[in-house]
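Number of protein chains: 2
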Amino acid sequence: MNFDITILGSGSAVPTPKRNPSSQFINCHNRKILMDCGEGTQFQIRKFKIKLQSIQIILISHLHGDHYFGLAGLLSTMNLLGRDGQLTIYGPEGLENILRSQLKIGDSKFAFDITFKTLFGKEREIIFEDKKMEIHTFPLKHKIATNGFLIKEKEPLRKLKKEAIEKDDIAIEYRHRLQKGEKIMDASGKILDLDRYTYPPKKARSYAYCSDTMPNESNLDLLNEVDLMYHEATFVNQHKARAKSTMHSTAEQAANFAKKAKAKKLILGHFSNRYLDTNTHQKEASAVFENVLIGEDGLNIKL
Amino acid sequence: MNFDITILGSGSAVPTPKRNPSSQFINCHNRKILMDCGEGTQFQIRKFKIKLQSIQIILISHLHGDHYFGLAGLLSTMNLLGRDGQLTIYGPEGLENILRSQLKIGDSKFAFDITFKTLFGKEREIIFEDKKMEIHTFPLKHKIATNGFLIKEKEPLRKLKKEAIEKDDIAIEYRHRLQKGEKIMDASGKILDLDRYTYPPKKARSYAYCSDTMPNESNLDLLNEVDLMYHEATFVNQHKARAKSTMHSTAEQAANFAKKAKAKKLILGHFSNRYLDTNTHQKEASAVFENVLIGEDGLNIKL
Numbered sequence: 001m002n003f004d005i006t007i008l009g010s011g012s013a014v015p016t017p018k019r020n021p022s023s024q025f026i027n028c029h030n031r032k033i034l035m036d037c038g039e040g041t042q043f044q045i046r047k048f049k050i051k052l053q054s055i056q057i058i059l060i061s062h063l064h065g066d067h068y069f070g071l072a073g074l075l076s077t078m079n080l081l082g083r084d085g086q087l088t089i090y091g092p093e094g095l096e097n098i099l100r101s102q103l104k105i106g107d108s109k110f111a112f113d114i115t116f117k118t119l120f121g122k123e124r125e126i127i128f129e130d131k132k133m134e135i136h137t138f139p140l141k142h143k144i145a146t147n148g149f150l151i152k153e154k155e156p157l158r159k160l161k162k163e164a165i166e167k168d169d170i171a172i173e174y175r176h177r178l179q180k181g182e183k184i185m186d187a188s189g190k191i192l193d194l195d196r197y198t199y200p201p202k203k204a205r206s207y208a209y210c211s212d213t214m215p216n217e218s219n220l221d222l223l224n225e226v227d228l229m230y231h232e233a234t235f236v237n238q239h240k241a242r243a244k245s246t247m248h249s250t251a252e253q254a255a256n257f258a259k260k261a262k263a264k265k266l267i268l269g270h271f272s273n274r275y276l277d278t279n280t281h282q283k284e285a286s287a288v289f290e291n292v293l294i295g296e297d298g299l300n301i302k303l
Numbered sequence: 304m305n306f307d308i309t310i311l312g313s314g315s316a317v318p319t320p321k322r323n324p325s326s327q328f329i330n331c332h333n334r335k336i337l338m339d340c341g342e343g344t345q346f347q348i349r350k351f352k353i354k355l356q357s358i359q360i361i362l363i364s365h366l367h368g369d370h371y372f373g374l375a376g377l378l379s380t381m382n383l384l385g386r387d388g389q390l391t392i393y394g395p396e397g398l399e400n401i402l403r404s405q406l407k408i409g410d411s412k413f414a415f416d417i418t419f420k421t422l423f424g425k426e427r428e429i430i431f432e433d434k435k436m437e438i439h440t441f442p443l444k445h446k447i448a449t450n451g452f453l454i455k456e457k458e459p460l461r462k463l464k465k466e467a468i469e470k471d472d473i474a475i476e477y478r479h480r481l482q483k484g485e486k487i488m489d490a491s492g493k494i495l496d497l498d499r500y501t502y503p504p505k506k507a508r509s510y511a512y513c514s515d516t517m518p519n520e521s522n523l524d525l526l527n528e529v530d531l532m533y534h535e536a537t538f539v540n541q542h543k544a545r546a547k548s549t550m551h552s553t554a555e556q557a558a559n560f561a562k563k564a565k566a567k568k569l570i571l572g573h574f575s576n577r578y579l580d581t582n583t584h585q586k587e588a589s590a591v592f593e594n595v596l597i598g599e600d601g602l603n604i605k606l
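Sequences listed follow chains A and B, in order. If you read the first sequence in the numbering used here, its first letter stands for residue 1, the second for the next number, and so on. If you read the second sequence in the numbering used here, its first letter stands for residue 304, the second for the next number, and so on.
It is worth saying that the hints were derived from the structure and are not from the lab. Any given hint might turn out to be false.
On the chain B side, residues computed to face chain A include the following (Cβ under 8 Å) [to be verified]:
1. Val317
2. Gln345
3. Arg349
4. Leu366
5. Phe372
6. Gly373
7. Gln405
8. Ile408
9. Gly424
10. Pro442
11. Lys446
12. Pro504
13. Ala507
Keeping only pairs whose Cα atoms sit at most 25 Å apart, straight-line, the calculated DSS-like set for lysine-lysine is [what the hints assert, rightly or not]:
14. B:Lys412 / A:Lys240
15. A:Lys104 / B:Lys547
16. A:Lys109 / B:Lys412
17. A:Lys18 / B:Lys354
18. A:Lys18 / B:Lys350
Values in this document were obtained by computation on a predicted structure and should not be read as measured data. All C-beta atoms in this analysis are idealised placements derived from N, C-alpha and C, irrespective of residue type, glycine included.
Using the sequences plus the hints, can you model the full thing?
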C-alpha cells in the first residue's frame with residue numbers, strides 16, 4: 001500500500017523562486033495528510049497535481065507564518081470548490097481563533113465541517129489512529145511551542161504461503177486470521193503452524209517530521225529506526241551560532257540526530273534563503289550520515 | 304513623471320495557474336502603492352521584479368481573503384529582509400487586529416514601523432495627500448464594507464516657453480512661479496503674461512480602482528473622466544443573476560459604468576475561475592465601451 005511524501009515547500013520564512021515555505025503532502029494507505037501549510041501551498045497542490053479535496057487531515061507544527069499562512073486560503077478554496085467532506089486540523093493553541101476571526105470579518109461561512117484539535121507541544125501523544133496507521137506528536141525545541149509528527153503504519157499482514165495453504169487445504173476462514181498472525185486451532189484440534197503457512201510480515205514503515213527545531217535528543221527513542229526522517233536544516237556550519245540563537249539546526253546537526261535515531265534515510269529542508277544552493281548542506285550532512293536527500297519542491301519519496 | 308500600474312493578480316477567490324488573487328502595484332511619481340494583497344502577492348512582486356521594500360502605502364479594499372491573505376507573509380518578508388522604512392496600511396476595521404494577533408501568536412516583532420489607518424467603507428475621504436498626488440477612498444457595494452480608491456496626481460506644472468523667456472530675459476526666480484501658474488508682477492510693475500511664457504499644464508492623470516462591487520453609480524461624479532478605471536468583472540452576462548446575488552459585476556456592467564463615468568480606458572479583472580478564457584468578457588464589454596483591456600498578471604499600464 002501507498003506510503004509516500006511529496007515536498008510542497010522546502011524553503012524557510014523568506015520564499016525564493018525555487019522554494020515555497022514549508023508544506024508536505026503525505027499519502028499513507030490513502031489517508032491524505034497535509035503537513036504544515038505555508039503561503040502558496042494551495043498553488044503547489046495544484047502545480048504538483050494533488051487532489052485538494054482528498055486531504056482529510058492537516059497538521060500544523062507551529063505558528064510561525066511560514067508554516068500556516070497558506071491555511072486560510074486553502075480552506076477558502078476547498079469551500080468554494082464545493083467541499084462537503086469533513087476535515088480535521090491539528091495545530092497549536094491560537095490557530096482556531098485566528099481562522100475563525102478571519103471567517104468572521106469576511107462574513108464567510110464554510111459549507112463543510114472542520115474539527116479543530118489543539119496541540120500544546122509539551123508532551124507526546126497519539127493524536128490519530130485507525131486500522132491502517134497512527135499519528136504521534138512529539139515536542140520540538142523551538143522559539144515557540146512546536147510539534148513534530150510521526151506517521152506510522154500499523155504492522156502489515158503476513159503474506160500467505162500459497163503452496164502450503166493449498167497442499168494442506170487450509171480453510172478459507174482461517175486465511176485472513178493467519179495473515180494477522182493469530183494462533184489458530186483447527187477443527188481437528190491442531191494448532192496451525194504460522195511459519196508453515198505465512199511469511200513474516202514486512203516491517204511497519206514510518207515517517208518522522210521534525211519541523212523547526214534544534215536537535216531534540218529526548219525524541220530519539222520514539223524515532224528509533226524510523227524509515228524516513230525529515231529534519232529541518234536551515235543553516236550550514238558557518239552559521240552555527242545563528243542556528244543556536246534562532247533555535248534552528250544546521251545540516252550537520254540534523255544528520256547527527258538522524259544517525260543517533262538510526263534513521264534509514266534523512267531528508268533535509270527549511271533552507272535559509274541566504275544560500276544560493278544546498279551543496280554545503282549536502283556535504284556537511286553526508287559527512288556524518290550516509291543516506292541524505294535534499295528536499296526540493298515537488299520531490300516525491302516512496303517508502 | 305511615472306504613473307503606472309502593474310497587475311499582480313487578476314483572478315478572483317479561487318486562484319488559477321494564470322491568475323493570482325487580487326493585487327496591483329502602482330507607481331505614482333515614485334510613491335509606491337500596493338493595492339490589495341491576495342495570497343502569493345509577495346511571489347508576484349518577486350516574479351515581476353518590483354522592489355518589495357519600495358512599497359510605502361498598502362491599501363486593502365475589503366476583508367475577503369482573496370484581497371488580503373498575502374499581507375501577513377508580505378510584511379514578514381519585509382521584516383526578515385531588513386526593512387526599516389515606515390509603512391502605512393489603510394484597510395477595514397478588523398485588519399489590524401488580525402495582523403497583530405498573528406504577530407502575537409508567533410511571538411514575532413517587526414523592526415519597522417507600521418501605521419494602521421482604519422477605513423469604514425461608508426463615505427468618501429481623502430486619505431493621503433502630498434505635493435504630487437492624493438488618494439481618495441469611496442464606498443463600493445459589496446457583501447461587506449468595501450472601499451474603492453482613486454489615485455490622482457496633483458495638477459502638473461506648466462511648461463516654460465524657453466524662447467520667449469530668454470528673449471525677454473525673465474528672471475530665474477520667476478520661472479518656477481510661472482510654471483505653477485502664479486500671477487507675477489515684475490520689478491517694473493508689469494504683470495507677466497502666463498500664456499506668453501508657458502504652455503497650459505497637462506491634465507492631471509488619475510486611476511480608479513473599483514474592487515469587488517456591483518456598479519455603484521453614486522461614485523460617477525468622483526470618477527468622472529478618470530484616465531484609467533479598473534473595475535471588477537467577475538462574471539459574464541450568462542451569470543448575471545449570480546453576479547447580482549454575490550454583489551459582483553459582469554463585464555458588460557463594468558463597461559457601462561466606465562462609459563457613464565466617461566473613463567478614458569477600462570481594465571477588467573477579478574475573473575471567476577469558471578471561465579477558461581476572457582473572450583466573452585472582452586466581447587460583452589467592448590460592445591458598450593470601446594477602450595477595454597483585459598487584466599493579466601504582470602501587465603503594466605502607463606498613464
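Hints and how they fare:
A distance limit of 8 Å between C-beta atoms decides the matter here; for B:Val317 the minimum to chain A is near 5 Å, and the interface restraint holds. A hinted interface residue such as B:Gln345 counts as satisfied when its beta carbon comes closer than 8 Å to some beta carbon of chain A; here the least separation is about 7 Å, so the hint holds. At a threshold of 8 Å, the smallest CB-CB gap from B:Arg349 to chain A is about 7 Å, leaving the interface hint in force. Given hint, B:Leu366 at the interface with chain A, holds; its Cβ is 5 Å from that chain's nearest Cβ, closer than 8 Å.
Nearest Cβ of chain A to the Cβ of B:Phe372: about 5 Å, under the 8 Å cut. The hint holds. Interface restraint check: B:Gly373 against chain A, minimum CB-CB distance 7 Å, threshold 8 Å, status holds. Below 8 Å, beta-carbon pairs count as interface contacts, and B:Gln405 has one with chain A at about 6 Å; its hint therefore holds. Look at B:Ile408: its Cβ gets to within about 4 Å of chain A, closer than 8 Å, so that hint holds up.
Because the smallest distance between the Cβ of B:Gly424 and any Cβ of chain A comes to about 13 Å, over 8 Å, the interface hint for this residue is violated. For B:Pro442, the suggested interface contact is broken, since its CB lies about 16 Å from the closest CB of chain A, more than 8 Å. A hinted interface residue such as B:Lys446 counts as satisfied when its beta carbon comes closer than 8 Å to some beta carbon of chain A; here the least separation is about 6 Å, so the hint holds. Because the closest C-beta pair between B:Pro504 and chain A is about 43 Å apart, greater than 8 Å, the hint is violated.
Because the beta carbon of B:Ala507 sits about 35 Å from the nearest beta carbon in chain A, more than 8 Å, this interface hint is broken. Taking the CA atoms of B:Lys412 and A:Lys240, the gap is near 23 Å; set against the 25 Å cutoff, the hint holds. A threshold of 25 Å between alpha carbons decides the hint, and for A:Lys104 with B:Lys547 the separation of about 22 Å falls inside it, so the pair holds. A threshold of 25 Å between alpha carbons decides the hint, and for A:Lys109 with B:Lys412 the separation of about 31 Å lies outside it, so the pair is violated.
At most 25 Å may separate the alpha-carbon atoms for a hinted pair to count; A:Lys18 and B:Lys354 meet this at roughly 19 Å. A C-alpha spacing of about 11 Å is found between A:Lys18 and B:Lys350, which places the hinted pair at or below 25 Å, so the restraint holds.
The structure fails to meet hints 9, 10, 12, 13, 16 from the earlier list, while all remaining hints are met.
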